[in-house]
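If you read the protein sequences in the order shown, they are chains A and B. Note that numbering that gives the first Met the number 0 numbers the first sequence so that position 67 is 66, with each residue one more than the last. Note that numbering that gives the first Met the number 0 numbers the second sequence so that position 422 is 421, with each residue one more than the last.
If you're looking for bench data, these hints aren't it; they were derived computationally from the structure. Since the model is a prediction, treat every value here as computed from it, not as a measurement. Treat the hints loosely; a few may be bogus.
As the list claims (entries may be wrong) - Capping the alpha-carbon separation at 25 angstroms, the derived lysine-lysine pairs in BS3-like fashion look like this:
#: 1; chain 1: B; residue 1: Lys240; chain 2: A; residue 2: Lys111
#: 2; chain 1: B; residue 1: Lys25; chain 2: B; residue 2: Lys431
#: 3; chain 1: B; residue 1: Lys5; chain 2: B; residue 2: Lys240
#: 4; chain 1: B; residue 1: Lys431; chain 2: B; residue 2: Lys474
#: 5; chain 1: B; residue 1: Lys493; chain 2: B; residue 2: Lys474
#: 6; chain 1: B; residue 1: Lys240; chain 2: A; residue 2: Lys120
#: 7; chain 1: A; residue 1: Lys42; chain 2: B; residue 2: Lys240
#: 8; chain 1: B; residue 1: Lys413; chain 2: B; residue 2: Lys5
#: 9; chain 1: B; residue 1: Lys323; chain 2: B; residue 2: Lys413
#: 10; chain 1: B; residue 1: Lys430; chain 2: B; residue 2: Lys466
#: 11; chain 1: A; residue 1: Lys38; chain 2: B; residue 2: Lys287
#: 12; chain 1: A; residue 1: Lys131; chain 2: A; residue 2: Lys156
Stated by the list, open to error - Between beta-carbon pairs, the in silico distance windows are:
#: 13; chain 1: A; residue 1: Thr17; chain 2: B; residue 2: Glu297; range: 41 to 47 angstroms
#: 14; chain 1: A; residue 1: Ile6; chain 2: B; residue 2: Thr330; range: 27 to 33 angstroms
#: 15; chain 1: A; residue 1: Thr17; chain 2: B; residue 2: Asn208; range: 19 to 25 angstroms
#: 16; chain 1: A; residue 1: Arg3; chain 2: B; residue 2: Ala59; range: 52 to 58 angstroms
Idealized CB from N, CA, C, for every residue including glycine.
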Amino acid sequence: MIRRATIQLTAYLVFFATIYYFSTSPAYHYLQPGQAEVKLAFKHTSQREQECHKRTQEEMMKLPPNMRRPQDCPRQRAPIYIELLLDDRFVATRSFPAPGLSHDMATFVYSKHSLPAGQHKLTVRMRDSIRKEGFDYSGEAVRDWQPGQSIVIGFQKDSEQFTFE
Amino acid sequence: MDAFRKAGNTLILTVEKGFNAGFGPKLNPFYHLGSLSFFFFWIVLVSGLYVFALFETNVAGAYASVEYMTHEQWWMAGIMRSLHRYASDAAVITIFIHLFREFFRDRYRGVRWFSWFTGVPTLWLVVILGITGYWLVWDQLAQYVALATAEMVDWIPMIPSSMVFNFLDNQITDRFFTLMAFLHLLGFPVALVFLLWTHVSRISQIEFNPPRQLALGAFGTLLLLSLVKPAVSHAPVAAGKAPVVLHLDWFYLNIYPLVDLLGPGWAWSLSTGLTILLMLVPWLPRKKEQPPAEVNLEHCSGCTQCSLDCPYGAISMQPRTDGKQAEFEPTVNPTLCTACGICSGSCASSNPFRMSDTTLLTGIEMPWRGVDSLRIEVNQKLANLAGSGRVLLFGCEHGVDVVPMQDASVAVVKLPCSGMLPPSMIEYALKKGADGVFVTSCRESDCYHRCGNRWTEKRLDGEREPKLVTRVDRKRVTRYQASHSRAEQAELAKRLREFRLSLQGDQQP
Chain A
0 MIRRATIQLT AYLVFFATIY YFSTSPAYHY LQPGQAEVKL AFKHTSQREQ ECHKRTQEEM
60 MKLPPNMRRP QDCPRQRAPI YIELLLDDRF VATRSFPAPG LSHDMATFVY SKHSLPAGQH
120 KLTVRMRDSI RKEGFDYSGE AVRDWQPGQS IVIGFQKDSE QFTFE
Chain B
0 MDAFRKAGNT LILTVEKGFN AGFGPKLNPF YHLGSLSFFF FWIVLVSGLY VFALFETNVA
60 GAYASVEYMT HEQWWMAGIM RSLHRYASDA AVITIFIHLF REFFRDRYRG VRWFSWFTGV
120 PTLWLVVILG ITGYWLVWDQ LAQYVALATA EMVDWIPMIP SSMVFNFLDN QITDRFFTLM
180 AFLHLLGFPV ALVFLLWTHV SRISQIEFNP PRQLALGAFG TLLLLSLVKP AVSHAPVAAG
240 KAPVVLHLDW FYLNIYPLVD LLGPGWAWSL STGLTILLML VPWLPRKKEQ PPAEVNLEHC
300 SGCTQCSLDC PYGAISMQPR TDGKQAEFEP TVNPTLCTAC GICSGSCASS NPFRMSDTTL
360 LTGIEMPWRG VDSLRIEVNQ KLANLAGSGR VLLFGCEHGV DVVPMQDASV AVVKLPCSGM
420 LPPSMIEYAL KKGADGVFVT SCRESDCYHR CGNRWTEKRL DGEREPKLVT RVDRKRVTRY
480 QASHSRAEQA ELAKRLREFR LSLQGDQQP
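Using the sequences and the hints, build the whole thing.
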């Protein structure tokens, strides 16, 4: 009888302990102590890969009548290339291809990174054209980033400037 | 695969043996994993209804309402919230043990593939239901879960990559939050009920409720846990703050650190790959099965007993087609029949005293192991027995191994399930020269074919048709329910020895 009770008690104890522990433990450190998080998150329509060109009469005549538009604008847009630097040192470089079957839609740029907290200069550079070198847009912010702070880098379409919030 | 399964089976039988010593086979939780999972869902449902009554289904009010439940009305709503969480965790434990156990016991292939196959999406839905529950608290953990889930959804190529933008800096709308609440409170639970119904739709004699003592023990443990460690929330969501340390519920949220570590693409690949692999397991390799049961209408009285006894719902009674006076005739669905032979044992016409001069045909039987072949084997084995205390041992091939018990005075007849044994065959063996008959079945509450051992016990105890006739001397019949293990084999040898001694004692003048 005592043996039976002991086994039952042990079984319930194991059941209790398993749920007790794994329902909250081990603790998961999403950010290490003394780190902040930066997220690049914005929507942007990149430039076309090819410029529009005016069709000649000869080109027009080769097309069916309902497709004879004077301008030929290839739909494909350039991938967006981003560089993120902390105190002029690379944190990340990423390329985001334009979505859509014809790669012609606006791109949702999203990536997240952890950074050491403290006084730092954060620089972001973006290329949204087919150019091989240089950047079309850039922005930087010098702030005292707090541990556990979440910084979202956005891009204002109208002013064509990066925001650090 | 076979070696892996056998090793796992040995392990699980060893653990179960320990539990049998403590709980006994009737209350062994390993034999009630499915019904325990159902029981935990009941706790989740009832506690969830109470929590819902006090819950604010909008972004601004959700956290505050949960905090109220946890700290102000801790004595009722707080306990209900904790029970809701811990019963959900407990369900994951029982479901996973159930999954591994069915795999190791080789009860997932062949005709039984359907329950396994439908169990995998059921498991997924349980996990999704749990995850959406964590969203509703709308604390830092919820924000983390929402963001990581959105990252996973955004990774899917054909979906516009925009979901994650809903969760940056607490931008979630009431409309989206209400949608999540609807899914957690109604949409997913209804889908889960449908999947659970599908999961068990190919079996009969389903045990939905665990034994009362076991249910009380499990509930008491969860209640104690709710008092000792009440479920609490993380800090509220705050703009510009990232979660640093998260106390994840690893039963449900284990995929998210994987998303952080490997990225959503790998997390999808691993989880999808594992899911597909799990769903295909019944065909890796496919189980070779015997042909299904066959009906011989001219020997069938339409008593319906085979239909009542079939543990897989493979036999349905249809209106009689042969013009006999009986109202019904059995029809076997071959896609549900596991060829266990229980129907053959339940048939009143499976009587070896019938048609003694010709081939014995019965109302329903296995084409590969008819009652006639059983009678022939019994006759042959009895003819070769010698000495005193001659025993005919009918052994279920999924229970304890009976073959090593064979000697000059002990003959063994193996059956695919003890439920295949017609009780009249025992009387027949005793009349044809056996001093005693020994019947072994699977361990109580753990029949490989679900009900075979239970029906055998009831038939021999005269509680279920076809009954062992009262004129049979009960001292000459014994039985033993045991699993396939060395320890139980030794116990069987001991019991057999004692049985033979008792028979020899009765034979002495």
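Hints versus structure:
| no. | hint | verdict |
| --- | --- | --- |
| 1 | Lys240/B / Lys111/A | 14 angstroms, holds |
| 2 | Lys25/B / Lys431/B | 36 angstroms, violated |
| 3 | Lys5/B / Lys240/B | 51 angstroms, violated |
| 4 | Lys431/B / Lys474/B | 17 angstroms, holds |
| 5 | Lys493/B / Lys474/B | 17 angstroms, holds |
| 6 | Lys240/B / Lys120/A | 19 angstroms, holds |
| 7 | Lys42/A / Lys240/B | 22 angstroms, holds |
| 8 | Lys413/B / Lys5/B | 20 angstroms, holds |
| 9 | Lys323/B / Lys413/B | 35 angstroms, violated |
| 10 | Lys430/B / Lys466/B | 17 angstroms, holds |
| 11 | Lys38/A / Lys287/B | 55 angstroms, violated |
| 12 | Lys131/A / Lys156/A | 23 angstroms, holds |
| 13 | Thr17/A / Glu297/B: 41 to 47 angstroms | 58 angstroms, violated |
| 14 | Ile6/A / Thr330/B: 27 to 33 angstroms | 47 angstroms, violated |
| 15 | Thr17/A / Asn208/B: 19 to 25 angstroms | 23 angstroms, holds |
| 16 | Arg3/A / Ala59/B: 52 to 58 angstroms | 54 angstroms, holds |
Going down the numbered hints, you'll see the structure goes against 2, 3, 9, 11, 13, 14, while the others check out.
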